[in-house]
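Could you build all of it, start to finish, from the sequences and the hints given here?
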Amino acid sequence: MARTSPAAGTITGTIKAPGQTNNADAVVYVEHAAGPFAPSGPIVMDQRSMKFVPHVLTVLLGTTVKFTNSDTVSHNVFSPDNEKYQLGTWPPGVSKDHVFAKCAKFPCVYAQLCMIHPEMEGFVVVLQNPYVATTDATGQFKIEGVPPGTYQVAVWHPKMKGQPKPVTVEAGKPATVDFTLGR
Amino acid sequence: MTVPGPSCLRRLATLGLAASLAVLFVPASATAVPAFARKYQTSCQTCHVVFPKLNAFGEAFRLRGYRMPAETEEMVKQKPVSLGAPAYKRLWPKAVWPGELPGNLPLAVNVKFANVNASTLNPDGTVTSIRNDFQFPQEANIFAAGTLGDHVSFFSEMTFAENPDGSVAVELEHARLDIDSPFGREDMFHFRIGKMAPNLAGGFQEMWISTDAPIDSVFSYNPIGVNGGTGLVEDATPAPVALPASVRGIEAYGIVKHRMLWVGGVVNGISPGPNGRFDGNNAKDLYARLDYKFGGMGFDGDTGGKAPPAENWRDNSLRVGAFVYRGNGTNINFASTDVQGDPLNIQDLHFLRVGFYASVYFQDLNVFGAYLHGTDQLQLLDPTSNEGLGLVQADSRAWFVQADYVFYPWLQGSGRYETVTPADPAAAIVKRGVATLNALIRANVKAMVEYQRDLNEGQNHSLNLLVRFAF
Chain A
-7 MARTSPAAGT ITGTIKAPGQ TNNADAVVYV EHAAGPFAPS GPIVMDQRSM KFVPHVLTVL
53 LGTTVKFTNS DTVSHNVFSP DNEKYQLGTW PPGVSKDHVF AKCAKFPCVY AQLCMIHPEM
113 EGFVVVLQNP YVATTDATGQ FKIEGVPPGT YQVAVWHPKM KGQPKPVTVE AGKPATVDFT
173 LGR
Chain B
49 MTVPGPSCLR RLATLGLAAS LAVLFVPASA TAVPAFARKY QTSCQTCHVV FPKLNAFGEA
109 FRLRGYRMPA ETEEMVKQKP VSLGAPAYKR LWPKAVWPGE LPGNLPLAVN VKFANVNAST
169 LNPDGTVTSI RNDFQFPQEA NIFAAGTLGD HVSFFSEMTF AENPDGSVAV ELEHARLDID
229 SPFGREDMFH FRIGKMAPNL AGGFQEMWIS TDAPIDSVFS YNPIGVNGGT GLVEDATPAP
289 VALPASVRGI EAYGIVKHRM LWVGGVVNGI SPGPNGRFDG NNAKDLYARL DYKFGGMGFD
349 GDTGGKAPPA ENWRDNSLRV GAFVYRGNGT NINFASTDVQ GDPLNIQDLH FLRVGFYASV
409 YFQDLNVFGA YLHGTDQLQL LDPTSNEGLG LVQADSRAWF VQADYVFYPW LQGSGRYETV
469 TPADPAAAIV KRGVATLNAL IRANVKAMVE YQRDLNEGQN HSLNLLVRFA F
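Line order of the protein sequences matches chains A and B.
Quick note: the first sequence, position 170, residue 162 per the working numbering, numbers continuous.
The working numbering runs 48 ahead of the 1-based position in the second sequence.
Hints are not guaranteed to be accurate.
[Claimed, not checked] With a straight-line Cα cutoff of 30 Å, these simulated DSS-like cross-link-like pairs (lysine-lysine) come out:
hint, chain 1, residue 1, chain 2, residue 2
1, B, K142, A, K43
2, A, K58, A, K76
3, A, K97, B, K127
4, A, K153, B, K305
5, A, K165, A, K134
6, B, K137, A, K8
7, B, K125, B, K137
8, A, K151, B, K332
9, B, K137, A, K43
10, B, K125, A, K153
11, A, K43, B, K127
12, A, K153, B, K127
13, B, K142, A, K94
14, B, K142, A, K153
15, B, K125, B, K354
16, B, K142, A, K58
17, B, K125, A, K8
18, B, K354, A, K8
19, A, K151, B, K142
20, A, K151, A, K58
21, A, K157, A, K97
22, B, K354, A, K43
Hints were generated in silico from the structure; no laboratory data involved.
Computed from a predicted structure; not experimentally measured.
Next up, the structure:
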């Protein structure tokens, strides 16, 4: 999501989510950066093998998300969060778009649910800027293309919480910040 | 009311003694649930000293609704099946509250083999002797237990006991659904519904002790008799209440500040009732218990920040508790006879059991015991006219003390003395001794040697060799 430029830096680090089976799905993001930032074209969240893929999707405000169905059964998409939406139910091979155009306070998190298969759950996280990364199972992350400056870096996780930390980014240099999440 | 003569009193006393012997060799049902070992990929000894006896961690696991203290997602190795994403909680009541299923069918099997050697003095003076009766198997138990999401758990047990004629007796011993910590502070409130071993008897009910013999002096006293109870009873219908080892009803319990355990219950009393009813009458029995634990691990597994001992059977502590059970047996007739041998009916109009429990752990030794005082208001009735023949106020008392000692992690010895003083002054005081050696061949396979003796009559004794295994 982030653009890179020679004058940009990176923010790297590791997330620890104690008690969780792994450290994946934590969204590490810069709370606020000077903009504006225009959303890119539609981003896909698929329903595949009875799961939302990716499990966590980060988008800029105004992004269109294309909800596709790669399964052999019908799926539904709705969210009970924020302004709430119900996109309906559609068969395999069909998709529906939704624009995430509102957010009173970043990040805006929308749980994605399927009424037909209640165990399915995904998340769309709407952010103010593109400086964001989602952790893998090891908890490592790397945010690229961050303009030099001092930022508050925060974490969102589906089950845990973390306190924001200040980070200073210098051109061409990596800045490091680690988080240990709690309940 | 007719006053019994001396010969009749002797007969009553003999009958009481015979009843006590009848239960002397009845085995207990014990519990080890390897379904939990599979779920957490952990050893039986995480929760048991020598199964089925629980250590402090196992007791916390049990009381918390089969959840480990401070349980985290990564502790659970068999991932549950989601029945709804957590976000559905926000949709309730417009959606079903999300739950979970155990990742694997949460079944476990216990099997017990017994080589029974017993001597019993019969009322006619003869002695029945049993030598090396291979009861292979004596019984098998199928357990299902686990959690159904954040606040729901369950436990059930079906027991199959093979009879000498090849028939099989089947009993649903437990079938219980628990609602765990639905509100308030964690573990402050738990609710159970079903057929269960009540926490009223936690710590000394047969499910949780290391002897094969249950503590009949507390649980199998028969309070019914023209002058009060005379001894022990087993498998009576309807079953009089001593202190119930199993109840059918609703129980609430909780843990306050790690150290205090409260219990309250409303249950069917004397049962079964007439016309296919489970309850003998429309009155419900009530019970309550309050325990406090000094030292050691809290009831919820809290250690106060201190590291627990490496020897997981140790828990240097003192637990004390008091309990009360109150019942009403109005309109439930027990067929009996008066001192002339004429039939009469007896109703236990009001019965009250008050008891105290204590358990001390010091290093490898655990000494525990209970005292139980029983009061029964017995109504004697003419079986034909239902006319009242008199009221009897009957008081009984029972107590036991047991010592368990861990010689090695795989070897534990137990000794118990138990006694009942029946309400009928002509009845013999029941005194019994039990000595048991438990040896773990593997964590889930154990051999036992158990000697029981009637301390009033040396002809009544048994020496049983047992093997139990669980998988």
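Item to check | Numbers of unmet hints, in rising order | outcome: 3, 8 and 22
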